[in-house]
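Kindly generate the complete structure, drawing on both the sequences and the hints.
One line per chain: the protein sequences are F and R, in this order.
107 is the number of the first residue of the first sequence in my numbering; add one for each residue after it.
139 is the number of the first residue of the second sequence in my numbering; add one for each residue after it.
These aren't lab readings, by the way, just hints derived from the structure by calculation.
Bear in mind that the values here come from a model prediction, so they are computed numbers and not experimental data.
Just so you know, even glycine gets a beta-carbon here, dropped at the ideal spot from N, CA and C.
Don't take every hint at face value.
Claimed, not checked - Subject to a maximum C-alpha distance of 27 Å in a straight line, what follows is the list of computed DSS-like cross-link-like pairs (lysine-lysine):
no. : chain 1 : residue 1 : chain 2 : residue 2
1   : F       : K142      : R       : K152
2   : R       : K195      : R       : K147
3   : F       : K142      : R       : K147
Claimed, not checked - Pairwise CB distance ranges, derived in the manner of DEER restraints:
no. : chain 1 : residue 1 : chain 2 : residue 2 : range
4   : R       : G178      : F       : E144      : 14 to 22 Å
5   : F       : K174      : R       : A220      : 38 to 46 Å
6   : R       : R247      : F       : E111      : 24 to 32 Å
7   : F       : T187      : R       : T249      : 29 to 37 Å
8   : F       : K173      : R       : A140      : 30 to 38 Å
9   : F       : A147      : R       : P199      : 21 to 29 Å
10  : R       : P221      : F       : S117      : 31 to 39 Å
11  : R       : T192      : F       : A147      : 26 to 34 Å
12  : F       : L114      : R       : K147      : 21 to 29 Å
What follows is the residue order along each chain.
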Amino acid sequence: GEDVEQSLFLSVREGDSSVINCTYTDSSSTYLYWYKQEPGAGLQLLTYIFSNMDMKQDQRLTVLLNKKDKHLSLRIADTQTGDSAIYFCAESIGGTALIFGKGTTLSVSS
Amino acid sequence: NAGVTQTPKFQVLKTGQSMTLQCAQDMNHNSMYWYRQDPGMGLRLIYYSASEGTTDKGEVPNGYNVSRLNKREFSLRLESAAPSQTSVYFCASSEDQDSYGYTFGSGTRLTVV
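Have a look at this one:
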C-alpha cells in the first residue's frame, strides 16, 4: 500500500540550511509535493516536482527527487525563524487523493 | 477572497451528538476532500469527491458521512460523535484529481467530550 515517511523533528540555527527528507513507496506517483503548515493554520503548497524531474529550484527552496530510492528532499537555504513550521511531504497517485506523511516539525533558533 | 471556506472554526460536542461541518470553494474546482489531522498522525483522508455527484471513502471513513451538495460545497457529517473523533478537520479542493496542488481551508477544531 501507499505510505509516506518523514522524520518528525528538525532543529537548525538561523542562517543554516535545512534539509527535510521523505520516502514514499508507490513508484507510480505522478507528482510529489511539499506543504507548509504554520501554527493554527491550514496547509499551504510550497512547491512540487513532477516525477520525471530530478531537481527543482525555487528561490531558497531546492527539491531533489531520487526515483530509484523513492526519496524526496526539501532544502531550505538561509533558514529564517519565519520558516519554523510543520512540513508535509505528499504523493499523488493518479485517480485518488494525496497521501501525506506525518509531517516534520522544523524549529529555527536565532 | 478566493479559496476554501470552512465553518465552524471551533466546536465542542457531547458524545452522541451530531453535527455537520461545512466546506465551500469558489475556484470552480471539480474535486474536494476531507482530511483529519491528529498529533503524530499527519493528515488522513476521510472522504473525497472527484467530481460533483460522486463520493468515495478514504483511509478513515468510519463514523462519517459526506454530501457533495453542488460543485461548490462538500459537507462532512458526524451522526453520533465519539471522543475518538476529536481532531482538526481540513477541507481541500483541486481542479481535478490529477492536477497539482490542493487548496486547503483553515480547519475546524472539533472536541468531543
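For the pair we were handed, F:K142 and R:K147, check the Cα-Cα distance against 27 Å.
Measuring from Cα to Cα gives roughly 20 Å; hence the hint holds.
Indicate whether the distance between the beta carbons of F:L114 and R:K147 respects the range 21 to 29 Å.
Holds, since F:L114 and R:K147 (Cβ atoms, about 27 Å apart) stay within the stated range.
CB-CB spacing for F:S117 and R:P221 relative to the 31 to 39 Å hint:
For R:P221 and F:S117 the Cβ distance comes to about 33 Å; the hint holds.
Consistency of beta-carbon spacing, F:E144 to R:G178, with hint 14 to 22 Å:
holds (18 Å)
Given the hint of 26 to 34 Å, check if R:T192 and F:A147 actually sit that far apart at their C-beta atoms.
Given about 29 Å between the Cβ atoms, the range holds.
Are R:K195 and R:K147 close enough, with their CA atoms no more than 27 Å apart?
Holds: R:K195 and R:K147 sit about 24 Å apart, inside 27 Å.
Consistency of beta-carbon spacing, R:T249 to F:T187, with hint 29 to 37 Å
Holds, since F:T187 and R:T249 (Cβ atoms, about 30 Å apart) stay within the stated range.
Within 24 to 32 Å or not, the Cβ separation of R:R247 and F:E111?
Distance hint for R:R247, F:E111 holds at roughly 27 Å.
Per the hint of 30 to 38 Å, is the separation of the Cβ atoms of F:K173 and R:A140 within bounds?
At 34 Å between Cβs, range holds.
Is the gap between the beta carbons of F:K174 and R:A220 within 38 to 46 Å?
Roughly 44 Å apart at Cβ, these two residues keep to the hinted range, so it holds.
Range first: 21 to 29 Å. Now tell me if the beta carbons of F:A147 and R:P199 are that far apart.
holds (26 Å)
Within 27 Å, alpha carbon to alpha carbon, are F:K142 and R:K152?
violated (32 Å)
Checked against the numbered hints above, the structure violates only hint 1.
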